[in-house]
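Undergrad: Take a look at the letters that make up each chain.
Protein chains: 4
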Amino acid sequence: MTVDLVIKHVKVYTEGGLLAAGIAVQAGKIVAIASDDCLPEGISSIDGQGRYLLPGGIDPHVHFRDPGKTERETFLTGTMAAAAGGVTTVCEHPISSPPPYSAELIRNRIKVAAEQAVVDFAFFGAAGADKLEHIPQVAQEGIVAFKTFFHEPPEGREEEFAGLTMANDAAIYAGFQAVAKTGKILAIHAENNDIIAARIKELRAAGKLKGRDHALSRPPVSEIESVGKILLLARECGTKVQLCHISTPQAAELVKQAKADGVKAYLETCPHYLFLTDDKLEELGPFAKCNPPLRSRELSDALWRYIDDGTVDMIGSDHGPFLPEEKEIGFRDIFAAPAGFPGIDLRLPLLLDAVHKGRLSLDRMVELISTAPAKLYGLYPQKGAIRIGSDADLVLVDLAADFIVDRRQSYSKSRDTGRVYDGWKLKGRPVMTLVRGRVVMEEGRVDEQAARWGRLVTPRNG
Amino acid sequence: MTVDLVIKHVKVYTEGGLLAAGIAVQAGKIVAIASDDCLPEGISSIDGQGRYLLPGGIDPHVHFRDPGKTERETFLTGTMAAAAGGVTTVCEHPISSPPPYSAELIRNRIKVAAEQAVVDFAFFGAAGADKLEHIPQVAQEGIVAFKTFFHEPPEGREEEFAGLTMANDAAIYAGFQAVAKTGKILAIHAENNDIIAARIKELRAAGKLKGRDHALSRPPVSEIESVGKILLLARECGTKVQLCHISTPQAAELVKQAKADGVKAYLETCPHYLFLTDDKLEELGPFAKCNPPLRSRELSDALWRYIDDGTVDMIGSDHGPFLPEEKEIGFRDIFAAPAGFPGIDLRLPLLLDAVHKGRLSLDRMVELISTAPAKLYGLYPQKGAIRIGSDADLVLVDLAADFIVDRRQSYSKSRDTGRVYDGWKLKGRPVMTLVRGRVVMEEGRVDEQAARWGRLVTPRNG
Amino acid sequence: MTVDLVIKHVKVYTEGGLLAAGIAVQAGKIVAIASDDCLPEGISSIDGQGRYLLPGGIDPHVHFRDPGKTERETFLTGTMAAAAGGVTTVCEHPISSPPPYSAELIRNRIKVAAEQAVVDFAFFGAAGADKLEHIPQVAQEGIVAFKTFFHEPPEGREEEFAGLTMANDAAIYAGFQAVAKTGKILAIHAENNDIIAARIKELRAAGKLKGRDHALSRPPVSEIESVGKILLLARECGTKVQLCHISTPQAAELVKQAKADGVKAYLETCPHYLFLTDDKLEELGPFAKCNPPLRSRELSDALWRYIDDGTVDMIGSDHGPFLPEEKEIGFRDIFAAPAGFPGIDLRLPLLLDAVHKGRLSLDRMVELISTAPAKLYGLYPQKGAIRIGSDADLVLVDLAADFIVDRRQSYSKSRDTGRVYDGWKLKGRPVMTLVRGRVVMEEGRVDEQAARWGRLVTPRNG
Amino acid sequence: MTVDLVIKHVKVYTEGGLLAAGIAVQAGKIVAIASDDCLPEGISSIDGQGRYLLPGGIDPHVHFRDPGKTERETFLTGTMAAAAGGVTTVCEHPISSPPPYSAELIRNRIKVAAEQAVVDFAFFGAAGADKLEHIPQVAQEGIVAFKTFFHEPPEGREEEFAGLTMANDAAIYAGFQAVAKTGKILAIHAENNDIIAARIKELRAAGKLKGRDHALSRPPVSEIESVGKILLLARECGTKVQLCHISTPQAAELVKQAKADGVKAYLETCPHYLFLTDDKLEELGPFAKCNPPLRSRELSDALWRYIDDGTVDMIGSDHGPFLPEEKEIGFRDIFAAPAGFPGIDLRLPLLLDAVHKGRLSLDRMVELISTAPAKLYGLYPQKGAIRIGSDADLVLVDLAADFIVDRRQSYSKSRDTGRVYDGWKLKGRPVMTLVRGRVVMEEGRVDEQAARWGRLVTPRNG
Ligand SMILES: [Zn+2]
Ligand SMILES: [Zn+2]
Ligand SMILES: [Zn+2]
Ligand SMILES: [Zn+2]
Ligand SMILES: [Zn+2]
Ligand SMILES: [Zn+2]
Ligand SMILES: [Zn+2]
Ligand SMILES: [Zn+2]
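Residue numbers (our numbering), protein chains in the order written: chain A, 87 to 548; chain B, 87 to 548; chain C, 87 to 548; chain D, 87 to 548.
What the hints contain is simulated information worked out from the structure, not anything from laboratory work.
Do not take every clue at face value.
Because identical chains share one entry, a pair is satisfied inside a single copy or across any pair of copies.
As the list claims (entries may be wrong) - DSS-like cross-link-like pairs, simulated, lysine-lysine; straight-line CA separation at most 25 angstroms: (1) K217 to K342; (2) K97 to K461; (3) K345 to K511; (4) K217 to K287; (5) K155 to K350; (6) K287 to K267; (7) K345 to K115; (8) K155 to K287; (9) K97 to K115; (10) K326 to K461; (11) K267 to K217; (12) K115 to K461; (13) K115 to K94; (14) K326 to K287; (15) K443 to K296.
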C-alpha cells in the first residue's frame with residue numbers, strides 16, 4: 087500500500103524508549119512504525135537525518151485572549167508560535183471576555199479558533215460560583231478541564247470575570263462539589279488574594295513600586311496557603327485538581343503528600359519557575375512580572391527536586407501576551423502592569439537545553455510536555471504518543487543545534503514583551519512540526535497556509 | 087513547726103503516680119507531702135478517708151460574660167460553679183463587650199473578677215486584626231493566651247467584636263505574625279464562616295430550621311478546612327496555636343500530623359464532643375446547640391482515639407451561659423438561638439465516670455484537665471501539680487460516689503439551660519475543693535464567703 | 087521490501103498499550119508494527135484472528151537438571167514445555183551436579199542446552215562462599231544473575247552443592263560483597279535453614295510426617311527472618327538481590343519497605359503461592375510439596391496485595407521436575423520427598439485465567455512474566471517487548487479459550503508429578519509461540535524439529 | 087513524730103521537676119518531702135548545702151564475676167565502686183562459672199552477693215538454648231531479666247557458657263519463644279559472631295594484631311545485622327528485648343523504627359560509646375578493648391541523636407573488670423586480650439559533666455541511669471524515684487565540683503585496667519550516696535562497714 091507520508095531515518099520516541107526506525111502516516115494517523123526498509127511507500131517522504139522524532143507538544147496552559155484582546159494575540163499568531171515551538175495542541179484557559187462559562191460561549195470560542203488555528207486546540211471551561219448551574223452542561227461541550235480563580239472579580243471588570251471565580255470559601259466548597267460531579271479536572275490559579283492585596287497596599291503605602299516589590303507582594307505563603315486549602319477541599323469533595331503554575335517547593339511538597347494520601351492532585355509548573363529567578367524582576371521590571379512571581383534561586387533550585395521525583399505532572403507555558411505599552415506602565419508602578427509574558431515557542435527549546443545539560447532525561451521531558459497532559463485531559467492515545475492509530479502530531483528535534491533566542495523571530499503578536507530569555511544561548515531546537523501528518527513548521531518557518539488546519543480536540547469520554 | 091492545714095489519709099496524685107500519704111499546707115502553698123505520721127501538726131486538719139487528692143482543675147475555656155451580660159452569669163456565680171466542679175482556676179475567653187483588646191480593658195476585667203471570684207482566674211486577650219498595635223502591650227498584661235475568630239463582626243455587633251476577629255486571610259496572616267512575636271499561644275475558634283453562612287442560607291431557604299439542621303449547617307468540612315488553614319499558617323508564621331473545642335477526628339488527625347512536623351499546635355476538645363451526639367439536637371433542640379455542633383456517634387467515638395494517643399492536649403468546658411428565653415427562640419428557628427450551654431461544674435464528674443468505665447486513666451484525666459493547661463499557659467508549677475511549693479489548689483474526689491445530674495443544683499445562673507446531661511447517672515464526684523489552702527467547696531456546697539478569695543493568675547514569664 | 091513473516095489482524099501488546107495492528111519480522115527481529123494494510127509483504131503470513139499478540143514469556147526460575155538428572159527433565163523436554171506455555175526464554179538455576187560456579191562449568195552447560203533447546207535460554211551462575219574467587223570470572227560468562235543458598239551442603243551431597251552455598255553469616259557477608267562488585271543480581275532461596283531443621287527434627291520426633299506437616303516445618307518466620315537478613319545485608323553491601331519464590335505477605339512487606347529505602351531488592355513469587363493453599367498438601371501430600379511450602383488461604387490472599395501495589399517484580403514457575411517414585415516416598419514420610427513440581431507450561435494459562443477473573447490486568451501480567459525479568463536481567467529490549475529491533479519472541483493468546491488442565495498433555499518429562507492444578511478449568515491459553523520469528527508451538531503442539539533452535543541469551547552489558 | 091533521718095537544704099529531684107525542699111527517711115523509706123521547716127525531726131540530719139538530691143543510680147549492666155574470678159572483682163569491691171559512683175542498685179549479668187541458668191545457681195549467686203554487697207543488687211538469669219526447660223523456673227527466682235549470647239560456647243569454655251547461649255537461628259527462635267512466655271525482658275549481646283570470627287581470621291592471617299585492628303574485626307555491620315535479626319524475631323515471637331551496649335547509630339535507627347511499629351525493644355548504650363572513639367584503641371591498645379569496639383567520632387556523635395530523641399532507654403556501665411596482666415597480652419595480639427574495662431564509678435560523673443556542657447538535661451540523665459531501668463525491670467517505684475514510700479536510695483551531687491579522674495582512687499579491684507578516662511578533668515560528682523537511708527559513701531569514701539547492707543531487689547511482679 088502507498089501511504090500519504092513516510093518519515094525515515096529518525097530516532098522514534100515510543101513509550102518503551104527510542105527506536106532507530108521510521109513511521110508511516112495515512113489520513114493524519116500513524117499507521118506504521120518500522121525499520122526504514124520495511125516502511126510502505128509514501129507519496130511524500132521526509133528524511134529525518136538521524137534526528138529525534140517526538141510526540142508533538144501539548145501546552146496545558148495558554149492565554150490567546152481571542153476573542154477579546156486580539157491586539158495582543160490571535161488564535162492565528164498564537165498557534166503559529168505554538169507550531170514554531172513544537173507544540174501541536176494548545177489548551178486555552180478561560181480569561182477572555184466573557185469567560186466560557188456556558189455551552190454557547192464555548193461554542194463561540196471554538197468557532198473563532200477553528201477559523202484560524204494552525205495546530206489543534208482544546209478549551210478549559212470557566213467554573214464560577216455565580217454560574218454553578220452551567221457546569222454540568224459545559225462539561226459536555228468537549229472541554230478538557232475547568233478553570234477557576236479564588237477572588238472577587240476586580241472592580242469594573244465584572245463582565246470579564248463572570249462565571250470564572252469562586253470568591254470565598256463557601257463558593258469554593260460549592261464549586262468544588264459541582265465540578266467533582268462532572269469528573270473533570272478543576273484547574274486553579276493558586277494564590278491567596280487577601281494576603282496579596284494587603285501586601286500590595288502596604289508596599290504602595292511605603293512607596294515601593296519597583297520590580298522586585300512584585301515578588302515581595304506575593305510571598306511564598308500566598309501560594310502555599312492556597313495550595314493547602316485546595317488539597318484539603320479536593321480531598322473532602324473528591325474533586326480532581328490541577329495546581330497551576332506552581333512556583334515554590336513548599337507547595338510542591340504539599341502536593342506530593344496529598345498524592346500519597348490518594349488525593350487526585352496534578353501539579354503544573356512553568357519554564358520560568360525552573361529557569362529564572364527574581365533577579366530578572368530587577369533587571370527587566372514589568373517584563374519579568376508574572377503571577378505567581380519569579381522566586382529566589384534557592385526556591386527555584388529546590389523546585390527541580392519535584393521534577394526529579396515525579397511530583398510535577400506537567401510543564402505549561404502560561405503563555406501570556408501583552409503589548410509593550412501595557413507592560414511599560416510598570417516601570418513607574420510595578421503593580422499597575424499586567425502579569426505574564428509570551429513563551430509558548432520556548433518551552434521545548436528551554437527543556438531540550440536542560441536535557442542537554444543533564445538536568446532531566448529526554449523521557450521525562452516528553453512525559454511533562456506531551457504524554458502526561460494528554461493522559462490527564464483524556465486526549466491519550468489520540469495525542470501524546472507515537473503509536474499506531476494516534477494522530478501524526480510530531481516534532482522533529484535537532485539536539486545538537488545551537489541557537490540564540492531572539493524575540494523578533496517569534497510568531498507571537500506580543501513578541502516584543504518576550505524579553506526574559508532574550509539573548510540566551512540554547513542547545514537543541516525543533517526543526518519540523520507536523521499536525522495530523524501535515525508539516526506546519528520547517529526550519530523555524532511556519533506555513534501560514536496551515537491556518538484553519540487546526541481542529542478542536544475533545545477528551546475521549548467527553 | 088505547726089502549719090495551717092494538714093490533709094491526711096488520702097491517695098495523693100503526683101506526677102510520678104499515686105501515693106498513700108498526706109500533705110501539709112502553709113500560707114496557701116503545699117509545704118510537705120509525707121506519710122501521715124510524718125506530717126507536721128496542722129492548725130486545721132482534714133481526714134480524707136482514703137479518697138483521691140488531685141490537683142485542682144484548670145478550665146482553659148469559659149465564658150462568664152461579666153461585664154456585659156451579667157443576667158446570664160457573673161464572676162461570682164461562674165466561679166461558684168467552678169468550685170462545685172473541682173475547678174480551681176478558670177480561663178476566661180474574650181467574648182464580652184467590648185473584648186479585652188487593650189491593656190486598659192484587660193485591667194478592668196481583672197478588677198471585676200477580683201471583686202467576686204471564689205476560685206483563681208486568668209484571662210485570654212483579644213487579638214483582632216483591627217487592633218494589631220495593641221497586641222504587644224496586651225501580652226504584657228498577665229494574659230495566658232490570645233483568642234481570635236475568623237469572621238467579620240456580625241452586623242450591628244461591631245462593638246462587641248472589636249479587636250477580636252481576623253476577618254480574612256490577610257488579616258489572619260498579619261495577626262498570626264503579630265501574636266507569634268509575643269510568644270503567646272493564639273487560641274482560635276476553628277470554623278469556616280463562609281461555608282457555614284452559605285449553608286444556613288440554603289437551609290433557611292428550604293425551611294429547615296430544626297435542631298438537627300444546626301448540625302447540617304456546620305458540616306465537618308467547616309472545621310477541617312479551618313484547622314488546615316490554621317496549622318499551615320502556624321507553621322509559616324511560627325505561631326503557637328490552640329485549636330479550640332475540636333469536634334471531629336479528621337481535624338484531630340491534621341493536628342497530630344502537624345505536631346509530628348514540629349508545629350506548636352495544641353488541641354482542646356470538650357466533654358460534649360466526647361459524651362454527646364447529634365441525637366441530642368433532635369431531643370433538646372436549641373438546648374443542645376453549640377458551635378461546632380454535636381457530631382455523629384461515629385465521629386464522637388473516633389475522637390476518643392485522639393484522647394488515647396495523646397493528640398488531645400486538654401479538655402475545656404466551653405462553659406456558655408444563656409437564659410432559657412434566649413435559647414427557646416431556637417425551637418422555631420434553630421439558627422436564631424445562641425450557641426453554647428453551661429458545663430464548668432460537670433467536666434470533672436463526666437470524666438471521673440469515664441475513668442470508672444475504663445475509657446481513660448486517672449493519670450490521663452488529670453493531665454487533660456489540669457497539668458497540661460497549666461504547662462501550656464505558663465502557670466506550672468504554681469498550678470497543675472501537687473508539689474512542694476505549688477499553690478494548694480486541690481480537689482478531693484470520691485471515685486465511688488453515685489449521683490444523678492440535676493441542673494437545679496448548679497451554681498450557674500444559667501442552670502436552667504444546662505439540660506444536655508440532666509438526669510444522667512454518674513459515678514465519681516468531687517467532694518471538696520481547696521483554693522490556695524482554703525476550702526471553698528465541701529460536699530457540694532460552695533462557701534459564698536469565699537467570694538473575693540480568687541486571684542488573678544499570670545504566667546511565669548509574663 | 088518483502089519480509090520473512092507478517093502477522094496480521096492481532097491486538098499487539100506494546101508498552102503504551104494494545105494496538106489493533108500487525109507486525110513484520112525479518113531475520114528473527116521485529117521490523118514493523120503497522121496497521122494491517124501498511125505492513126510489507128511477507129513470505130509467510132499468519133492471520134491472528136483478532137487475538138492478542140504478547141511478548142514471549144521469560145521464566146526467571148526453572149530447574150531442568152540437565153546435565154545431572156536427565157531422567158527427570160532434559161533441556162529438550164523442558165524447553166518444549168516452555169514453548170507450550172508461551173515461554174520463549176528460560177533462566178536455568180544452578181542446581182545440577184556440579185553447580186556452575188566456574189567459567190568452564192558454565193560453558194559446558196551452555197553446550198548441553200544449545201544441543202537441545204527449542205526456546206532461548208539464559209543461565210544463573212552459582213555463587214558459593216567456597217568459590218568466591220570464581221565469582222568475577224563467572225560474571226563475565228554471560229550469566230543473567232547469581233544464585234545462592236544459605237546452608238551447608240547436605241551431608242553426602244557436597245559435590246552437588248559445591249560453590250553454591252553461603253553457610254553462615256560470615257560467608258554470606260563475604261559473598262554479598264563479592265557479588266556486589268560484579269553489579270549482578272544475587273538470587274537467594276530465602277529460608278532459614280536452622281529454624282527448619284529444628285522443626286523437622288521435632289516433627290519427626292513426634293511422628294508427624296504427613297503432608298501438612300511439611301508446612302508446619304517451614305513456618306512463615308523461616309522466610310521472614312531470611313528476607314530480613316538479606317535486605318539488611320543488601321543495604322550494607324550494596325548488593326542487588328532477588329528474593330526468590332516469596333510465599334508470605336510479611337516478607338513482601340519487608341521488601342516493599344526496603345525498596346522505599348533505596349535497597350535494590352527484587353521480589354519473585356510463583357503461581358502456586360498465589361493460586362494454591364496448604365489444603366493441597368493434605369490432598370496430594372508430596373505432590374504438593376515445594377519449598378517454601380504452600381501457605382494458608384489468608385496469607386495467599388494477602389500476597390496478592392503485593393501484586394497489586396507493584397511490590398512483586400516477577401512471577402517465576404520454579405519449575406521443579408521429579409519422578410513419581412521419588413515423590414511417592416513422601417506418602418510415608420513427607421520430609422523424605424523432594425520439594426518442587428513442574429509448572430513452566432501453566433504459568434501463563436493460570437495468569438490469563440486470573441486476568442479473565444479481574445484479579446490483575448493484562449498489562450501487569452505481561453510486566454510480571456516478561457518485561458520486568460527482561461529489564462532486571464539486562465535482556466531488554468532484545469527480549470521482553472514488542473518493539474522495532476527486538477527479537478520476534480511472541481505468543482499469541484486466545485483469551486476466550488476454555489480448557490481443562492490435563493497433566494498427560496504436558497511436554498515435561500515429569501508430567502506425572504504435575505498434579506496440583508490437574509483438572510482445573512481455565513479460561514485463556516497460548517495458541518502460538520514464536521522464537522525469533524520461528525513458530526515453535528501451534529495449537530498446543532510443539533515442533534520437535536525446533537530443537538537446537540534455542541540460543542543462549544546474554545545481558546546487554548555482560 | 088521523730089524519724090531516722092532528715093536531709094535538708096537540697097534541690098530534690100522529683101518526676102515533676104526539682105524542688106527546693108528536704109526529705110525525711112524512716113526505716114529505709116522516704117516518708118516525707120517537705121520544705122525544710124516542715125520536715126519532721128530526725129535522729130540524724132544532713133545539711134545538703136543546696137546541692138542536688140537525685141534518685142540513686144541503677145546500673146543495668148555490670149559483671150562482677152564473683153563467684154568465679156574474684157581476683158578481678160568481688161561483690162564487695164564492685165559494690166564499693168558502685169557506691170562511690172552514686173549507684174545504689176547493680177544488675178549483675180550472667181557471665182560467671184557456671185552461668186545462673188537454674189534456680190539453684192541463682193540462689194547461690196544471691197547468697198554470695200548478700201554476704202558482701204554495700205549497695206542493693208539484682209540478677210539477670212541466663213537463657214541458653216541448651217537449658218530451655220529451666221527458663222520458666224528461673225523467671226520465678228526474682229531475676230530482673232534474662233541474658234543471652236548468639237554464639238557457640240568457645241572451645242574449652244563450655245562450662246563457663248553452659249545455659250547462656252543460643253548458637254544458631256533455631257536455638258534463638260526457640261529461646262525467644264521460651265522467654266516471651268515468661269514476660270521477662272531478654273537482654274542480648276548484639277554482635278554477629280560469624281562475621282567477626284571470619285574477620286579476625288583474616289586480620290590474623292594478615293598479621294594485623296594492633297589496637298585499631300580490634301575495631302576492624304567488628305565492623306558496624308556485625309552489630310547492625312544482629313540488631314536487625316533480634317528485632318525481627320522479637321516481633322515474631324512477642325519477646326521483649328534489651329539491645330545491650332549499642333554502639334552504632336544505624337542500629338539505634340533500627341530500634342527506633344521497631345519501637346514505632348510496636349516492638350517491645352529497649353536500647354542500652356554505655357558511656358564509652360558516647361564519650362570515646364576508636365582513637366583510644368590506638369593510644370591504649372588492649373586497655374581500650376571492649377565489645378562492641380569503640381567507634382569513629384562520626385558514629386559516636388550520631389549516636390547522641392538517639393539520646394536526644396528518646397530512642398536510648400538506658401545507659402549501663404558494662405563494668406568489666408580484668409587484671410592488667412590479662413589485658414597486657416593484647417599488646418602483642420589485640421585479639422588475645424579480654425574485652426571490657428571497669429567503669430561503674432564513672433558513669434554518673436561522666437554524665438554530670440555532659441549535663442554541665444549542655445549535651446543532655448539533668449532530667450534526661452536521671453531517666454537514663456535510674457528511672458528507666460527501674461521501670462523496665464519492674465523495680466519502680468521501690469527504686470528509681472524520690473517519692474513517699476520509695477526506698478531512700480539517694481545520691482547527693484555537687485554539680486560545680488571539678489575533679490580529675492584518677493584510677494588509683496577507684497574501689498574496683500581492677501582499677502589498674504581503668505585507663506580510658508584516666509586524667510580527664512570533669513565537672514560534677516557525687517558527694518554522698520545512701521542506700522535505704524544509710525550513708526554508704528561520703529566525700530568519695532565508701533563505708534566498708536556497710537558490707538552486707540546490700541540486699542536483693544526483685545521485680546514487683548516476680
Ligand atoms: Zn494563573
Ligand atoms: Zn494562566
Ligand atoms: Zn468557640
Ligand atoms: Zn468558647
Ligand atoms: Zn528455591
Ligand atoms: Zn528453585
Ligand atoms: Zn556484651
Ligand atoms: Zn556485658
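Undergrad: Of the numbered hints stated previously, which ones are contradicted by the structure, given in increasing order?
TA: Per hint list: 1, 3, 5, 7, 8, 14 and 15 violated.
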